Amino acid sequence: MPLFRRRTYESNVFDRRYQGRVNRSAGAGFDWAMTFIITTLIVMGILNLYSAVHGSPVKEAMFYSQVQWIVICAVLMIPLFLINYQFYESSAYWLFGVTCFFLIVPFFFGYAAKGAYRWISIAGLSFQPSELTKITLVMCLSRYFVQKPSSEGYELNKLGAPVLLVLVPFLLIIIEPDLGTAMLHMLVFGSICAFVGIKRRSVLLMTILTVVLLPLTWFFALKDYQRERVLTLIDPERDPLGAGYHIRQSLLAVGSGKIFGKGYLQGTHTKLQFLPEQHTDFVFSVLAEEWGFVGGIVVLALFFIVIAWGFSVAANSKDRFGSIMAFGLSSILFWHVFINVGMALNIMPVVGVILPFFSYGRTSIITMMMVVTLLMNINSRRYMFD
Amino acid sequence: MLEEMTDFSETPESRPKLYYSVLIIAFVILAAKLWYLQIIQGAELQEKSKRQAVREYRIPAARGIIYDRYGAILAENRPSFNLFFHPEWLEKEERMDFLKKACVEFEVDYNVAKRRMASSEGKRPFKIATDISRAMLAKIETRNMTYGPRYPLEIQVESIRVYPKKELAAHMLGYCAEIDRKRLKLPKYEDYLPGDLVGKTGIEEAYEEYLAGQLGRKKVEVNARNAPIKTLEIEQARAGMNLILNVDMKLTKAAARAMGQRAGAVVALDPRDGSVLAVHSSPSFSPEMFSHPISNEVWQGLIDNKMHPLSNKYLQNLYPPGSTFKVITALAGLESGVIKPKATEYCSGSWKFGRRLFRCHAKKGHGFMNLHLGIVKSCDVYFYKMGFETGIDVISEYGKAFGFGRKTGIDIVGEKAGVMPNKEWKIETLKERWLPGDTLNAAIGQGYVQVSPMQVAVAYAAVANGGKVFQPQVVHQISRPGGEIVRDWSPELLREPNINPANLKLIIDALADVVNTPGGTGTKAKLSSVKVAGKTGTSQVRGIRAVRLHWSQMKYEHRDHAWFACFAPAENPEIAVVVLAEHSGHGGTVAAPIAGSVLKSYFRLKKQRRPVKTLTSP
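Line by line, the protein sequences give chains Y and A. My numbering applies: residue 72 is where the first sequence begins, and numbers increase by one. My numbering applies: residue 59 is where the second sequence begins, and numbers increase by one.
Note that these hints are calculated values from the structure, not bench results. Predicted model, so just to flag it, every value in this text is computed and none were measured. C-beta: ideal position from N, C-alpha, C; glycine also. Misleading hints may appear alongside valid ones.
Below, computed lysine to aspartate or glutamate pairings styled on DMTMM-like, alpha-carbon distance capped at 25 Å [as the list claims (entries may be wrong)]: (1) Y:Lys-294 x A:Asp-155; (2) A:Lys-246 x A:Asp-546; (3) A:Lys-258 x A:Glu-134; (4) A:Lys-288 x Y:Glu-348; (5) A:Lys-150 x Y:Asp-102; (6) A:Lys-398 x A:Glu-149; (7) A:Lys-75 x Y:Glu-226; (8) Y:Lys-294 x A:Glu-149; (9) A:Lys-91 x Y:Asp-390; (10) A:Lys-108 x Y:Glu-348; (11) A:Lys-240 x A:Asp-362; (12) A:Lys-277 x A:Glu-105; (13) A:Lys-75 x Y:Asp-390; (14) A:Lys-526 x A:Asp-331; (15) A:Lys-308 x A:Asp-546; (16) A:Lys-150 x Y:Glu-131; (17) A:Lys-364 x A:Glu-225; (18) A:Lys-224 x A:Glu-263; (19) A:Lys-197 x A:Glu-163; (20) A:Lys-276 x A:Glu-114; (21) Y:Lys-130 x A:Glu-279; (22) Y:Lys-294 x A:Glu-151; (23) Y:Lys-294 x A:Glu-225; (24) A:Lys-150 x A:Glu-163; (25) A:Lys-421 x A:Glu-403; (26) A:Lys-75 x Y:Asp-295; (27) A:Lys-91 x Y:Glu-226; (28) A:Lys-150 x Y:Glu-348; (29) A:Lys-277 x A:Glu-102; (30) A:Lys-106 x Y:Asp-295; (31) A:Lys-75 x Y:Glu-223; (32) A:Lys-288 x Y:Glu-223; (33) A:Lys-172 x A:Glu-146.
Partial list, derived from the structure: chain A residues whose beta carbon lies under 8 Å from chain Y [to be verified]: (34) Ser-79; (35) Leu-81; (36) Ile-83; (37) Lys-91; (38) Leu-92; (39) Leu-95; (40) Ile-97.
Whole structure, please, built from the sequences with the hints as guidance.
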């Protein structure tokens, strides 16, 4: 359900559904309204980031680099939009292989930040390859499910290969370690599976597998601080100066915003630096403190519109590859928003998942812009047939 | 192509309802939690958030200054650099480790620091060293700079108490030290926190509420590192009030010099109004040593010293008054009509009473004695007989009227009431019947009678001024730092026992002859310019035995206490002096010269200060 459909005067020879809507070029199907909404989110994100970092010269530099990077990305998105998304169907495995390779690189050449091997450096700019694998994973899975169509839902024997596909980045990321991003890969995989449909039996089996794997993960894969975070979710006052500190400060910041907030740049938690990671993980708390319930709801509503639009792109794509990919991309957006905001509101554990367009971070910005650009790419080619 | 399209539209992917509803539910959950936090819990969380960003600090108040009656400073403050440890700036695991290292490096007692760490629960900063040296200060500041903003050692400037006169009148002034647990529980000290200085003993304790001043408070907005951002509210501290004492420090110094190395006490009162002119307890200590945490060895040394430097000998130690008490026995006898001043008794050196032999200090006896001679020669037998006839209850009544057996009410904490026995007292406390022999002992100030030198001074001041018992008073005036007088003492007359002036005159004449006639026991207190009246006393730690030993032959603890109580000028007294020298021998040979020397200094100082200066407020 695109908010705005460009009408063309071509006559439709195929189907009533497409009558009068065939485009000659991708540009003709460009969704201006959605571009406006996404631009609004990006601008809000930039303004909010400024509030989160202002007052500290070191962090203010982050703000300027973020603005710069967004402009660069906007330019980079043009070719991404113009290349037909169907190209990725043929190159999906290649792209996935390359990005997974980049996941291995940090262990040898990368550097550790806060004890985790997440970063690689390209031409002086550092990136987190694990952000990009989310997109290539989606492409990869889309291609797989297109090649192995199933009208009554997938049996477990057909899911073996995709499970192996997702386990590659999942395991690599979990030993980095980056629990949040690894979980995100799993969630995206799960979402796509749900979208393409799986036999009830298979769902049951996967659930059992998860139940078995969870305690194993808890005792062997998780580090002490990560366990603390999960426990804190249950009781934020557990250790007010330790793991509970983040969440306690976040709740105080959010709650003290009340209905209309304290006003832009007026958040005391922000100003006094009580809130840790307020420019990345807890950027939503800054927003909620300064803009209150009203601001928080507006931003949530905009995200809701974007994700719902993404679902509609999936529903209306001209081919199955575009459809699955659009859904996968939308689910990336959805899980990011839900986990990040959930973290700030103490619904989810603190796992370090960024809020699209709001959090500081070069890789996360370009990834999220790629996600929406690819969605537009699919959307605008809905009526283009060759 | 069309077929392909229609084909896939039948697959499960086209079940939009399912994923739209998941999306809606997820966002409703987020919005609901947002609503709950911001609308329902908003006010509460806002309050919490405000509180966390505001720290309240206490601004210490400068303690009041203590002056003597001529404006000499006895106690004041100087800045001290104190070292604080901030456990809350460190991670839990690092704390103990860091504290240990810091203690070794900066020579701090680790055990004390550990205890404070426990009581601070890792949340509050606590003091680990007081008055650190400049070298140490420089060392810590350099560390601070290299380590960065979260270096958990912090220097704070606080004030420390100094006593310029060092050991002079230490027992009267008392000292300041960190507040102890016992005091912290009292409602009087509810504003104090562990580590705060508080007056302990002496007038530092008695006048704590005036001296301490009022703490200031400062509300400061801080950031997550506790670094102050801006001051929100400030309530300045109010300095404590100053005290002006009745005490003359030069006279006190003279008393200390006269006392020398002996253990004992000197008290000088003004008999006209009860003001304390000088007090000295020997040996003394320096009150400043309590401003720092005191080491166990030093403390044990003070406790083990057999001369007990910490005990206040003129208020807290009790002694038998010895012959100085005969004045009370004489007054009781005269007033009750038992003693006829001219009647004589024979002293043979002892009096056989019942089966016991009561000895006089003169082995060969004094011969015929009347009241005057009995006092001048301090004849024990005369007073045995007179005391026996007067009876203990009458003696006790007069003793109590003159202040024995009850607190003098002096404004120094910790005085003892002593014992002025009578028949009832013995039955109540010892569950024994009063024996006639007990009366004989009490009559010469031995046996159950227990007094402090201050009580003797109060009694002699009363004898000197015609029978008025004043409350001794150390502090004369309390004034604000600006000079405004808050409280000014007027003499506090406690009792005025009804004594016949003629009888008093008899006593005073006898006391004058004790000092001024050649055969008197107190001739060593005689002054050339002023007529002194006084009474010696030699109170026995062990009773007089058949074999009389010279004091040098006895163990220190068994030697007699030497007393001398006097006032001058005899006709119009303006100073009463009591000297007690512990385990030193005869009152006439040891205590009288000391008293004489104090009196001499008093009159010399008075001459120097002519015209007589009144009390000066600085």
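Task: Hints violated by the structure (listed by number, smallest first) - done: Numbers 5, 6, 9, 16, 23, 26, 27, 30, 32, 34 and 36, in rising order.
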